[in-house]
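Engineer: Given chain A's structure and the hints, the job is docking chain B onto it.
In case you want the letters, here they are:
Number of protein chains: 2
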Amino acid sequence: MGTPEIVWSCIALVISIASFVVAAYFYQWVKKLPVANARMEEVGKLIRDGAFTFLKREYRILGIFSAVVVVLIVLFFPEPIWHGNAGKNIQMAIVYLFGTALSGLAGYVGISIATLSNVRSATAAQESIQKSFMAGFRGGAVMGMAVVGTSLAGAAIVYLISGDPEIVMAFSFGASSLALFAKAGGGIFTKTADIAADLTGKVELGIPEDDPRNPAVIADNVGDNVGDVAGMGADLFDSNVAAMAATIVIAAAIGQIDFMFAITSMGLLASIIGVFLSRLGPNGSPSRALNGGTYITCGIFAVLTLIVTLIAKFDIRLWVCAMLGMVAGVVIGITSDFFTGDDKKPVAKVAESCQNGPAFTILNGFSYGLLSCLPALIGIGLTALISYKLGEAIGPGYAMMGISTAAIGMLSIIGMIISNDAYGPIVDNARGVAEMAGLGDHVLEITDELDAAGNTAKAITKGFSIGAAGLTVISLLGAFLELVNQALTEAGQAAINAFDVMNPMVFFGILVGAAVPAVFSAMLMNGVNRNSQVMVKEIHRQFNSIPGLREGKTKPDYAKCIDISTRGAIRELIPAGLFAIIMTLAVGFIGGPEAIGGFLTGNIVTGLLLALLMSNAGGLWDNAKKFVESGNFGGKGSEAHKAAVIGDTVGDPFKDTAGPSINTQITVVSLVSSLAATLFVRFHLF
Amino acid sequence: MGTPEIVWSCIALVISIASFVVAAYFYQWVKKLPVANARMEEVGKLIRDGAFTFLKREYRILGIFSAVVVVLIVLFFPEPIWHGNAGKNIQMAIVYLFGTALSGLAGYVGISIATLSNVRSATAAQESIQKSFMAGFRGGAVMGMAVVGTSLAGAAIVYLISGDPEIVMAFSFGASSLALFAKAGGGIFTKTADIAADLTGKVELGIPEDDPRNPAVIADNVGDNVGDVAGMGADLFDSNVAAMAATIVIAAAIGQIDFMFAITSMGLLASIIGVFLSRLGPNGSPSRALNGGTYITCGIFAVLTLIVTLIAKFDIRLWVCAMLGMVAGVVIGITSDFFTGDDKKPVAKVAESCQNGPAFTILNGFSYGLLSCLPALIGIGLTALISYKLGEAIGPGYAMMGISTAAIGMLSIIGMIISNDAYGPIVDNARGVAEMAGLGDHVLEITDELDAAGNTAKAITKGFSIGAAGLTVISLLGAFLELVNQALTEAGQAAINAFDVMNPMVFFGILVGAAVPAVFSAMLMNGVNRNSQVMVKEIHRQFNSIPGLREGKTKPDYAKCIDISTRGAIRELIPAGLFAIIMTLAVGFIGGPEAIGGFLTGNIVTGLLLALLMSNAGGLWDNAKKFVESGNFGGKGSEAHKAAVIGDTVGDPFKDTAGPSINTQITVVSLVSSLAATLFVRFHLF
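Going line by line, the protein sequences match chains A and B.
First residue of the first sequence? That's 1 in UniProt numbering, and the numbers climb one at a time after it.
First residue of the second sequence? That's 1 in UniProt numbering, and the numbers climb one at a time after it.
Quick caveat, the hints were computed from the structure, so don't treat them as lab data.
One or more hints might be untrue.
Which copy? The list can't say, so a pair holds if one copy fits it or any two copies do.
Said to hold, decoys possible - Restricting the straight-line Cα-Cα distance to at most 25 Å, the calculated cross-link-like pairs of lysine-lysine (DSS-like) are:
hint, residue 1, residue 2
1, Lys-642, Lys-560
2, Lys-642, Lys-537
3, Lys-349, Lys-537
4, Lys-537, Lys-345
5, Lys-642, Lys-345
6, Lys-313, Lys-636
7, Lys-553, Lys-31
8, Lys-45, Lys-555
9, Lys-560, Lys-537
10, Lys-642, Lys-45
11, Lys-626, Lys-344
12, Lys-626, Lys-313
Here chain A stands alone, though its shape is the one from the complex:
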């Protein structure tokens, strides 16, 4: 390890610690805010307890899963223990556990703060929209700072201690495998409750959202926390670590690891500054405040990294790659905003088609979802192409470095992105508790406005996360080839120069890999389906058997619904992820590294397509429903509204369960391939 690498790893550590300090400061700041009344305390506690109960049970399952993986790593990875170096296997297992632990911690911190901020943001809304915004945003920022700080510090520590890029991969696999299941579990939990609550409450009984008579209402609010806050945190933690791990593998060969840590550190620093600067002006719009924060952070990041590049004499072309990635993230975000924003044509068109019934709502939204794939895929493709060419011009080995630099560039300002993203479910929850604690219509108006801003910001942050996943997995493909060739050289075999589409083994891999995200999403959606049907039945049971519930004289049995969501999610969270991992191993052991090269390609391609389709169509239906609810085409209660609710219900698992989980699925599959590279080289059928 050279001095610059050590210096920059240490700087990364220092800035990570600074981010923890900021997180702690915001945590205290939020915690000191007042809570409106006893009813709200009570509701807040119900949500908090529900979320932690789920988290505990989820982590118990994931603990068992991780223990099994640890044993497998010790026995087989990167090489069977009787073949290779037992010490390395053990090191990898430890680092894997470290990755899972940090990823779990990120989720835990997120839920802790989110379940404090929700009630405080609702209370602050009694005073002013500015205060309410700040409570929500700073709550989100705790998560943002904690996630990015831990991921950067984790990568720096693992690299400083081991000095071995392959070990960093194991750390990343720990983070990703946990993220995969946390995302899936949280996504199933939240949508089970959300769908069941909407279908029975809004559609059948005609009671408002978050009405305390609805037995699923607490479960729905718990879901926002475990799905959108904890799950999303784990997801972005995973993307960030994976991008760094891939870059470390690629950069090791050309001595550019210092550059990697320089860029990521400056990204975190820029996010810290950006988060501090973000606030809502006296007459400002919350959605402009959120997006403004993102743009300011981008600007700070550009300036900081330019200075660092000039001082440390990094190649300026690599800096350009990082900028390209950042700009591409913003552009992809803006295009997905076009397809999902409630002030744009697609939402208005879909809302209009609701008048002709739900079939048209579905068909129209689905078509726009398909259309939305084009700009994002071209954007990712162009960014990869240009950054590759820029890197190639620097020298041998730099081409893939260009792509992975674009990926870390796109993820650099992720501290800010997560803050914006976690803000969404917090203010959504604030709306829920305000309704249940009876804070009145004025408060609801404010929280509705804040919530809508969260949805708009989400479009942009989702663009970032899908784009970043795309670039990351392309660089992971490069990292995989690197590791395969190391293994081939060690085994005295010729290196692989290409994953040639005309090679039938590669093509076979492509087709199988292409099917995996489809099956994976189907399994998650079926999980939501099954569970929410169970919950709908339970809600019917409660309304039919608890006297006085309909009239609001008795309380429903909230715990029962939380329990259904929890059990369902726990049961369903493992199979889909396991399927993806097993398919990877099967293809690798059957067809060897070339089949895996194809498999990853197919997986990336349909994974990105389905993720974009599902996220954007889901967001579109959600906003089309809100568009109708705000009084268009007949407003609430009209036939158009019923159709819009059906569209939204279909979109729920699209955008909050399957869509965002696919990101993690493609990362995990790529990491499994890299870890098993040596095994695939040694043992394969054909």
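Structural biologist: Same frame as chain A, now just chain B:
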């Protein structure tokens, strides 16, 4: 050209002529059957006139389109006329026109016979189910024989006259480009009418399907003919010609063109025999009769080709490849039957979920559609892999020949497949005219049973057509590489050995290519959306303004609805296909042949995925609706039924507009690439 090639081309011609004789015989046989009554004559004439009116207007537009393409070919393809050999450009243009003309003819013949058979099949149902079945099946067989005969004869003639594989590509492009637009136009027409008729008739007014009071009912029946008969005929004509063209390009280098004609001739011969043997036994089930015919034809094909292989001393391994393709087609068909068959679990599950409302119907069906992609993609991948390896063992140049042989093997019995497929819309129409002519419930029961068998058979035939398209485009990718390398050699440049995924130009192409089928399907579905909304308004207008219509005392204005479908389809049929072609040219002129290699790969992968998803989910919803209608979960008129109808409506453009058009889209894009190979080599930006 060697003697064996000439001999086998001539045998192909002779068998093609035999198939025309059979087609003519069946045509006369059907025409002589009686028609029940004057009312039926009248309804039949309305349908027939509507179909031919649409066909005329469609062909006028396609004529203009073809004229433009002819000019472009003369000027630019395969090389700019001022660069290369003007004679070849003109030859290509003529052959292109020949391809479009034959493809158009296939559609024309199909509509002629289908609009005769429908009324006769309905009339025959008064006597017995056997007679009704024979009228429908032999009507379909006219189409089957005509399509396969023309495609084989066309390819043989073009090859005999030109002796140049590249010219056969132009013939294939003619067939495919027409098929693309005919399929799109027919698909938009039929679903516009079908959706509008269902939504207003079944859902709003509660009148039965095919009720003569519904103004869209004739348009709906016209749609079956122009969409399912003519469009499907053009589609399979195109697949068959494309598979032959790709094989000819690949086989030319290794002198195996005689083998290609031998296999395809025997396939047609087997289909002729199979069609003659097919009939419905006294207590037989129509669906077993249809599938039984397919299996018998497969057996005859296997025996005939084995004999020919042994006598003509072809390599037995190539025969195995053909068998592999055939078996894969059947297996893929059986798996799609699992996902869409009304006696299987998925249909029952989706029907059950209808009880919980349309959102669950959609989510559940969509999930099964996603799951259904896995076995088919693995099947196509394995077939390609094994046949490549078998070919590779024969010698250099034979590897791709293995894959293309598997493709022609899968398509070999297409004569039988088309007969089964065209049977479906004919008996569907028979049901319609029986209802409108008031033939009574007994006849409706018979036609319902025949119709259900058509739907089941369709699952298997769709498996064949998607699988065959997959294998065909893989071999077209090989043909493209072949042509690129010829052009590179001529230009004195080094040949391309691989389309390497790690080459960013290839990867860029993959991502852009992946987006094309998504956008293409979205454009077609939006077309259906827009038009059916217009038609729904028109139907409302008629019911509100024509006195006595509701009570059945006056006739509705059928012509107005036919006109809306026609205008809409004519307006929408060009843009989607043109988009795909323009994207291909743009990527090629920007990134050169390597970008196109990636583009085709991405296009195939997501194309197959979306085609499978849409076809199977659509078929599943259709049968789930029928399952509910047959009395399950509350039966007709229940809430479950309403949800099932919404699912079916969403599925309509999935399975009959977008899904099947994607096949043709990927073929056309591959052919455009091959034709423009020389241009892409010469002129590209990067």
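Engineer: If a hint holds in the structure, say so; if it does not, say that too.
Structural biologist: Here's how the hints hold up against the structure:
1. Taking the closest pair of Cα atoms, Lys-642 and Lys-560 never come within 25 Å of each other, the shortest separation being 28 Å inside a single copy and 31 Å across copies.
2. In the homo-oligomer, the alpha carbons of Lys-642 and Lys-537 lie at most 25 Å apart both inside one protomer (20 Å) and across protomers (20 Å), since each shortest distance falls under that limit.
3. In this assembly of identical chains, Lys-349 and Lys-537 lie within 25 Å of each other by CA distance solely across copies; the values are 17 Å between and 34 Å within a copy.
4. Taking the shortest Cα distances, Lys-537 and Lys-345 sit within 25 Å of each other only across copies (22 Å), while inside one copy they are farther apart (38 Å).
5. For the homomeric pair Lys-642 and Lys-345, the shortest alpha-carbon distance inside one copy (21 Å) is at most 25 Å, but the shortest distance between copies (30 Å) is not.
6. In this homomeric assembly, Lys-313 and Lys-636 never come within 25 Å of each other (Cα to Cα): the closest approach is 61 Å inside a single copy and 75 Å across copies.
7. Proximity of Lys-553 to Lys-31 under the C-alpha cut-off of 25 Å is found in neither arrangement, the shortest distances being 33 Å within a copy and 74 Å between copies.
8. Taking the closest pair of Cα atoms, Lys-45 and Lys-555 come within 25 Å of each other only inside a single copy of the chain (16 Å); across copies the shortest separation is 66 Å, beyond that limit.
9. Taking the shortest Cα distances, Lys-560 and Lys-537 sit within 25 Å of each other inside one copy (12 Å), while across copies they are farther apart (47 Å).
10. Neither within a single protomer nor between protomers do Lys-642 and Lys-45 lie at most 25 Å apart by alpha-carbon distance, with minima of 33 Å and 41 Å respectively.
11. Proximity of Lys-626 to Lys-344 under the C-alpha cut-off of 25 Å is restricted to the intra-copy arrangement: shortest distance 13 Å within a copy versus 39 Å between copies.
12. For a Cα distance limit of 25 Å, the shortest separation of Lys-626 from Lys-313 qualifies neither inside one copy, at 51 Å, nor across copies, at 70 Å.
Checked against the numbered hints above, the structure breaks hints 1, 6, 7, 10 and 12 and satisfies the rest.
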